[in-house]
Amino acid sequence: MAGACPCHSIFLIAERYETLVIQKKNPIDLLFSVITAGASFMVILLVIGIFAILLKESSLSIGKFGFIKFIVTNEWNPVTELFGAAASIYGTMVTTAIALIIAIPIAIGIAVFVTEIATDFLKGPIGAAIELLAAIPSIIYGMWGLFTVAPIMTKYIEPALQKSLGLVPLIGMLFQGTPMGIDLLTASVILSIMIIPFTASISRDAFNLTPAVVKESAYAVGATQWEVVRDVVLPYSKMGVFGGIVLSLGRALGETMAVAFVLGNNHQITSSLFSAAATITVTLANEFTEADKDIYLSSLFHLALVLFMMSFIVLAAAKFLLFKAERKINR
Amino acid sequence: MKNVLSIFLMVFLLTLTYSSAGAADMINGAGASFPYPVYSSWAYDYHKATGIKFNYQSIGSGGGQRQIVGRTVDFGASDDPVKPEALKKDNLFQFPAVIGGVVPVVNISGIKDGELKLDAETLCGIYLGEIKKWNDAKLISLNPKLKLPDAGITVVQRSDGSGTTAIFTNYLAGVCTSFKNKVGEGKSVKWPAGIGGKGNEGVANYVKKSPNSIGYVEFAYAKQNKLTYTQLKNKAGNFVQPNFDSFGDAAESGDFDSKKDFYAWLNNTPGKTSWPIAGATFILLAKEKKDSNVKTVRFFEWVFKNGDAKAKELVYVPLPKSLKDKVRAYWKANGIQ
Chain A
30 MAGACPCHSI
40 FLIAERYETL
50 VIQKKNPIDL
60 LFSVITAGAS
70 FMVILLVIGI
80 FAILLKESSL
90 SIGKFGFIKF
100 IVTNEWNPVT
110 ELFGAAASIY
120 GTMVTTAIAL
130 IIAIPIAIGI
140 AVFVTEIATD
150 FLKGPIGAAI
160 ELLAAIPSII
170 YGMWGLFTVA
180 PIMTKYIEPA
190 LQKSLGLVPL
200 IGMLFQGTPM
210 GIDLLTASVI
220 LSIMIIPFTA
230 SISRDAFNLT
240 PAVVKESAYA
250 VGATQWEVVR
260 DVVLPYSKMG
270 VFGGIVLSLG
280 RALGETMAVA
290 FVLGNNHQIT
300 SSLFSAAATI
310 TVTLANEFTE
320 ADKDIYLSSL
330 FHLALVLFMM
340 SFIVLAAAKF
350 LLFKAERKIN
360 R
Chain B
726 MKNVLSIFLM
736 VFLLTLTYSS
746 AGAADMINGA
756 GASFPYPVYS
766 SWAYDYHKAT
776 GIKFNYQSIG
786 SGGGQRQIVG
796 RTVDFGASDD
806 PVKPEALKKD
816 NLFQFPAVIG
826 GVVPVVNISG
836 IKDGELKLDA
846 ETLCGIYLGE
856 IKKWNDAKLI
866 SLNPKLKLPD
876 AGITVVQRSD
886 GSGTTAIFTN
896 YLAGVCTSFK
906 NKVGEGKSVK
916 WPAGIGGKGN
926 EGVANYVKKS
936 PNSIGYVEFA
946 YAKQNKLTYT
956 QLKNKAGNFV
966 QPNFDSFGDA
976 AESGDFDSKK
986 DFYAWLNNTP
996 GKTSWPIAGA
1006 TFILLAKEKK
1016 DSNVKTVRFF
1026 EWVFKNGDAK
1036 AKELVYVPLP
1046 KSLKDKVRAY
1056 WKANGIQ
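In order, the protein sequence lines correspond to chains A and B.
With my numbering, letter number 149 in the first sequence gets 178, and the count goes up by one each step, no holes.
With my numbering, letter number 125 in the second sequence gets 850, and the count goes up by one each step, no holes.
FYI, nobody ran anything at the bench for these hints, they're computed from the structure.
Which stretches of chain A does chain B cover? Using the computed rule of at least three CB atoms under 8 Å from a CB of chain B, they are:
| no. | segment |
| --- | --- |
| 1 | 104-112 |
| 2 | 291-301 |
Have a look at the derived ranges for each label pair, beta carbon to beta carbon:
| no. | chain 1 | residue 1 | chain 2 | residue 2 | range |
| --- | --- | --- | --- | --- | --- |
| 3 | B | Asn780 | A | Ser62 | 40 to 46 Å |
| 4 | A | Val63 | B | Glu810 | 49 to 55 Å |
| 5 | A | Lys322 | B | Gly1060 | 30 to 36 Å |
| 6 | A | Ser300 | B | Ala811 | 38 to 44 Å |
| 7 | A | Phe341 | B | Ser903 | 40 to 46 Å |
Ideal placement from N, C-alpha and C gives every residue a C-beta, glycine not left out.
Please model the entire structure based on the sequences and the hints provided.
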């Protein structure tokens, strides 16, 4: 029919176009769409702008040390003006990895309890507590870490670890040296407490995506609670949980104030978890205000650029996995 | 809608008039965090006395230098003196405002305030990691009467870049060639031994909580937190206690020369009772900004006259009279008074 009378369809299109234009001509609507579009594009501009500034400010350091060479050089000496990021990157990765190792089982345990095991009467308070934990500013974790956690680590936990795991060959080398409380382990423990709420709440949401029918069928054929969680809920939500873990990873990579006080800012790569170290953010927080030479400041920007790229890659991976998980569930 | 717009316009105009009126009697500065408490308390008194606001942001000495070079503030503040050549290049004035010092603090059971004696050689050895135990022969020969434990020394230093570290490492590098060669001096250095605490509070906390430790903090911080400080042997060969007199003496015998824009460290000064680790904190002015310089100088002139008691109350050491006069002459010679 459309083929038989093209003039008619053209008329229709014209009419529709006219309504569109009229809608757009409404000044409030127009203003509204311009403001929302402006806000959205500003985010993109900001990200590009920050990247450009980091690149520009670190150009001196990139020129002197080379982008790749800067990453692999284990030297950070403001006096001789030799800078390399290897120790900071190592510290960032070790603290993040240990924090995840501690946080993931606890967070998933919390999520399982809240979604599958707890009665409704308990769900509310626990959920609220998790969200409150996420709302505590990180500087408070930092001060609490310095004045409370570090002494406990020094007195009880670290000597106990040294006496037990420290004697096991190979693993033992992780627990050498005098426990001082300013070290990789203390920083990791504080980080893990900080990221538990993120992992837990995202896992909880992912678990809730499991269709109730499937779970009920499993119970109907006589599966226990443990079997339902292991064989039904976890397989259904594993991509979502994984995405949550990667988001927490991004958070742990960038965390500053919580670890700035308990890591010591020593630029060294050691095998022992009982030695002071530095992460990228800790270095920035400690040294940015007093960086007086141009190459020093530029190297700090260079560090920030490295972290920006690390975080970008991690978040891109997380988005990709979440996207895949959603598609799988929708199918 | 129209009403809303007119209200907005009115508020906007009001803020505009207010802020332009404010700019005339406002001094803006930024820089070192060490003198922040005393500057802000002087600012409070100055505002009460004259109605002029003195706004100071403690963003760190490095930041203060950058801000005044970029001409975004009326004055910059720095804990370390800027070299005359650099001042010339950036067209800046420089003068000292107040004195501070660094004291070693220890935590050894049974040893009280000001009992332990240290000299340049032992302090240097401890911070290089070469003197590892408290009952080292060198420490015992300095302190024959004290009972020093057979325990390893936990060395604590600042993890963040700071003027305190700059003064401390300038002292160590000045008195000890091996420290100069191995570590050097600066606001943050690569320490061969020990652990780092963030800020004075971080160092103080670790020294307080770790037995057999040693750290270095600002004098004011040691005093307010009742940390166990040590005696030090000065250039004249005398053991001195850290107090207002010994810091004042250091300032008095410091090599402040207005021709060099007061570029001077107060470390290891020759005075008989000088405390050997001290430093002034400095004010930087842009030479071409005459009006704001006059405003800033007026503030410090007022402080030199009326601010000593308040400074002492906050455990800062006011400039000695001779130095104040030198600074006044410097202002006059440069036509900013």
